[in-house]
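So the sequences go chain by chain: V and G. Under my numbering, the first residue of the first sequence is numbered 3, with each subsequent residue one higher. Under my numbering, the first residue of the second sequence is numbered 26, with each subsequent residue one higher.
One or more hints might be untrue.
[As the list claims (entries may be wrong)] Sample of chain G residues lacking proximity to chain V, with all beta carbon distances greater than 10 Å (derived): (1) Pro46; (2) Asn79; (3) Thr81; (4) Thr90.
[What the hints assert, rightly or not] Footprint (simulated), chain V over chain G, 3 or more residues, beta carbon under 8 Å: (5) 62 to 76; (6) 121 to 134.
The set of hints was computed from the structure by calculation and includes no laboratory data. Backbone N, C-alpha and C define an ideal beta-carbon position, used for all residues, glycine too.
Here is how the chains run, residue by residue.
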Amino acid sequence: DAGVIQSPRHEVTEMGQEVTLRCKPISGHDYLFWYRQTMMRGLELLIYFNNNVPIDDSGMPEDRFSAKMPNASFSTLKIQPSEPRDSAVYFCASSDRGQNSPLHFGNGTRLTVT
Amino acid sequence: DAKTTQPPSMDCAEGRAANLPCNHSTISGNEYVYWYRQIHSQGPQYIIHGLKNNETNEMASLIITEDRKSSTLILPHATLRDTAVYYCIVRVVSNYQLIWGAGTKLIIKP
């Protein structure tokens with residue numbers, strides 16, 4: 003079991019540029035989550051998918067943020083255009099079916115927008 | 026969802042048991058207690074969860090009081106690698122919105 007895989011590990015970009023973060027969930031997991039972590043706000047849920055369908059995107063901060071899950075093994079989180087306040091660590095997590103299943107997190111992407 | 030209260034930091038000697046308390050006095054009957062930890066520069070790692078009975082796995086034990094208003098995570102033989110931020114979370118089974126607090130920073134000292 004390779005765990006949840008995120009790429010890139012670090013991303014530095016300039017304000018206004020498009021940023022795409024990638025996630026490969028654990029094989030067989032039906033749920034995929036995107037979280038953001040900052041010192042000020044801690045861990046925040048941005049959006050989650052069930053069977054590739056977005057279920058709750060109420061945590062997505064603005065229209066500049068979008069997430070897709072084209073298949074069961076891949077998801078992207080895109081920020082366009084990026085702003086300095088988007089700087090944070092973005093985590094992807096997955097869990098298998100069953101509402102009581104724990105979340106398994108990737109090691110995150112540290113995004114810095116200058 | 027109910028909120029939790031944890032001490033901001035704790036120390037523990039290597040090899041001793043680390044006992045991390047959590048207060049969740051407003052927990053509802055359908056909310057589970059979950060524990061995660063986050064080692065520096067890594068994603069949160071699931072440790073254990075429970076509803077009302079005490080639970081044990083290869084990582085830790087979870088002791089939940091009879092009134093369910095508080096719980097304690099026990100790491101039986103702490104090692105330096107257990108230094109991390111430990112999060113106590115209450116979660117409604119039907120809701121994936123985990124409310125993450127500030128956690129307890131546990132420092133294991135040699």
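A quick look at each hint next to the structure:
1. Every CB of chain V lies more than 10 Å from the CB of G/Pro46, the least distance being 19 Å, so the non-interface label holds.
2. At roughly 17 Å from the closest C-beta of chain V, the C-beta of G/Asn79 stays outside 10 Å, upholding its exclusion from the interface.
3. Every C-beta of chain V lies more than 10 Å from that of G/Thr81, the closest at about 16 Å, which supports listing it as non-interface.
4. Distance check on G/Thr90: its Cβ is at least 21 Å (rounded) from any Cβ of chain V, clearing the 10 Å threshold; non-interface status holds.
5. With 7 residues carrying a beta carbon less than 8 Å from a beta carbon of chain V, the segment 62 to 76 of chain G meets the three-residue requirement, and the given coverage holds.
6. Restraint check on the segment 121 to 134 of chain G versus chain V: 6 residues with Cβ-Cβ distances below 8 Å, three needed, restraint holds.
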